[in-house]
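> If you read the sequences in order, they're chains A and B. To convert, take the position in the first sequence, counting from 1, and add 45; that gives the numbering used here. To convert, take the position in the second sequence, counting from 1, and add 455; that gives the numbering used here.
Do not rely on the hints blindly, as some may be mistaken.
[Stated by the list, open to error] Footprint (simulated), chain A over chain B, 3 or more residues, beta carbon under 8 Å:
#1 495–509
#2 523–531
#3 600–608
#4 683–690
[To be verified] Covered stretches of chain A (chain B as the covering partner; in silico rule of three or more C-beta atoms under 8 Å from a C-beta of chain B):
#5 62–68
#6 71–82
#7 107–114
#8 196–204
Source of the hints: derived by calculation from the structure; they are not laboratory data. Think of the CB as a built atom: it goes at the ideal place given N, C-alpha and C, for glycine as much as any other residue.
What follows is the residue order along each chain.
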Amino acid sequence: MEFENIKRGRVWRFGDDIDTDQIYPGKYLPLTDKTEMAKHAMEGTDRGEEFLKNVKTGDIIVAGKNFGCGSSREHAAIAIKGAGVSLVIAESFARIFHRNCVNTALLTFELKEAKEINDGDIIEVNIDTGEVKNLTQNKVYKAEPVSELEKKIINAGGLLNYLKST
Amino acid sequence: MTIIEKIFTRACGKPVRPDMYVWAGLDLVAMRDFGGPNVVQEFKDNFGDAPVFDNRKVAITFDLHIPPRDEKVARNQQILRMFAKEKGIRLFDVNTGVGQHILMENGLVRPWDIVIGTDSHMNLLGAIGAAGFGMGTTDIAGALYKGKLWFKVPHTIKIVINGILKYPVTAKDVILYILKNLTTSGALNRAIEFTGEAVKMMNLSERITLTSMVTEMSGDIGFIEPDETVFEFLRSHKVENIEPISADEDAEYEKVYEFDITSLRPQIACPHSPDNVVDVSEVAGRKIDQVFIGSCTNGRFEDLKIAARILEGKKVNDNVRLIIVPSTMEVAQMAEEAGLYKIFLKSGAVVVNPGCSLCTTGHPGILAPGEVMVSTSNRNFIGKLGKGAEVYLASPATAAASAVRGVITSPMEFWS
Ligand code: SF4
């Protein structure tokens with residue numbers, strides 16, 4: 046499945062150093078069903094309840110530094126994607142979380158100015174160029190575009206599907 | 456080029472730059488009793504009965520719950536033993552020790568290699584010039600099938616350590632001091648090269664201590680240019696055709712930090728973060744309940760030797776439990792031959808079979824709420840070793856001195 050190259054959505058803002066235990070609390074690790082996992086996305090953060098009640102398909106998470114640090118659980122990426130979030134923007138990502146996102150076909154963007162984007166803003170992201178338009182604040186930023194390599198894996202539906210097909 | 460750039464350039468057959476995305480062939484794929492069973496499940500779900508890409512390049516190590524503490528762990532180890540048999544994979548069972556150390560001692564890792572595994576501290580393999588990466592289940596399952604994975608080439612930070620290390624100040628004090636300065640996010644997604652006169656004089660154990668704690672700075676990998684110290688270790692562990700690796704003169708570093716450790720005093724990381732570091736003297740006298748000497752960071756023979764030098768002829772304080780865990784069976788045997796076991800047992804220490812032991816919860820030796828432990832391991836996050844417990848990270852020398860006194864104690868007091 047090819048993704049559309051422009052994604053538009055409402056922003057959910059989170060802070061620095063959001064670890065995987067906040068994204069997906071350890072007590073749900075035994076869950077294996079992806080729809081069940083999605084019901085706990087971001088649950089451990091201070092606004093988890095609000096997020097889970099109101100998140101809509103196509104919404105976008107914007108976070109600060111070192112998003113996804115901590116344990117290597119893949120549930121974190123799977124739950125965010127399952128909750129309908131179309132992509133995650135952060136000032137920086139923890140390496141293993143970033144890998145898990147690519148491997149489970151969730152788009153991520155590193156944006157130095159992530160902090161300037163506010164909760165509730167509507168933004169538009171161009172997957173190919175990395176251009177981030179903040180429609181609410183009328184500002185434009187440039188993130189690293191998604192690499193060709195990542196695109197291929199994400200288009201295939203994740204790492205294992207990709208490896209099977211090559 | 457820096458060391459990591461050279462390794463990826465060779466592995467993917469074209470010159471690389473930092474931030475490039477590349478596919479690279481893998482020299483070794485490792486998994487362990489924790490995480491390993493999930494990999495097997497994912498492998499079977501996706502690839503059925505397919506063989507692994509090259510069974511000589513796969514290894515399984517048991518180092519976490521050894522021997523198994525409950526039925527679930529026993530079952531997990533059984534799954535891995537069956538998988539190993541089916542695919543012809545080498546398995547290091549419950550009598551061997553910490554995975555990364557086992558891979559090194561068995562000649563499975565060499566300079567230039569790219570190694571992945573299910574542990575967070577694979578990067579300690581940089582101590583011999585190999586690139587080790589901790590990975591998640593999907594990565595390892597995919598790697599077992601194809602023998603290659605994608606990487607984003609990291610930038611490199613250079614850390615120059617000048618001066619001369621004077622015992623009882625050790626490599627652990629040095630890396631804690633660096634952590635204090637760089638913080639837990641100071642090397643986010645970066646490779647580090649440690650160099651400088653102090654590093655060149657370090658033995659392999661000390662180098663492992665440095666490179667293992669790159670994880671705590673959120674770094675990808677920490678390298679030390681392998682030299683005769685490493686080559687000798689490799690040769691004595693049956694590695695042939697060793698190829699040296701070093702950064703080019705004109706390699707580009709994102710940042711360079713310099714430290715002089717000549718007057719460094721023993722350091723300790725206070726609860727609940729590895730970068731919450733102070734001079735041991737600042738917290739000396741604080742009451743403790745338990746001491747752990749071991750882990751992939753400080754469980755080598757030289758680590759035990761320093762502890763023994765302090766413990767010799769002394770008793771562990773009545774209010775303290777001292778738990779000592781050699782990192783591997785080879786280390787345990789060396790310690791036994793050198794007479795260290797006698798010293799440990801006479802002092803009243805509990806000596807446990809080789810492995811990871813008190814690195815995380817679920818192990819014998821877990822703490823009760825409110826208890827305080829001095830540990831030579833690498834992480835002291837809240838709850839990692841028991842709810843409401845506090846963990847201080849220090850060197851084997853500080854740990855041993857504290858065990859004797861029953862309070863946090865600088866090893867300087869025991870050194871003449
Ligand atoms: S001692 Fe801890 S960090 Fe080191 S290899 Fe074992 S589990 Fe991993």
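> Each hint needs a verdict: does it hold in this structure or not?
For each hint, the structure was consulted:
Restraint check on the region 495–509 of chain B versus chain A: 3 residues with Cβ-Cβ distances below 8 Å, three needed, restraint holds. A stretch counts as covered by a chain when three or more of its residues have a beta carbon under 8 Å from one of that chain; for the region 523–531 of chain B and chain A the count is 0, and the coverage is violated. Remark: the region 600–608 of chain B is confirmed as covered by chain A, as 4 of its residues place a Cβ nearer than 8 Å to a Cβ of that chain, reaching the required three. Only residues whose beta carbon comes within less than 8 Å of a beta carbon in chain A count, and the region 683–690 of chain B has 0; fewer than three means the coverage is violated.
Coverage of the region 62–68 of chain A by chain B is violated. Counting CB-CB distances below 8 Å, 1 residues qualify, and the rule asks for three or more. With 0 residues bearing a CB less than 8 Å from a CB of chain B, the region 71–82 of chain A misses the requirement of three and the coverage assertion fails. With 3 residues bearing a CB less than 8 Å from a CB of chain B, the region 107–114 of chain A meets the requirement of three and the coverage assertion stands. With 3 residues bearing a CB less than 8 Å from a CB of chain B, the region 196–204 of chain A meets the requirement of three and the coverage assertion stands.
Of the numbered hints stated above, those contradicted by the structure are hints 2, 4, 5 and 6, listed in ascending order.
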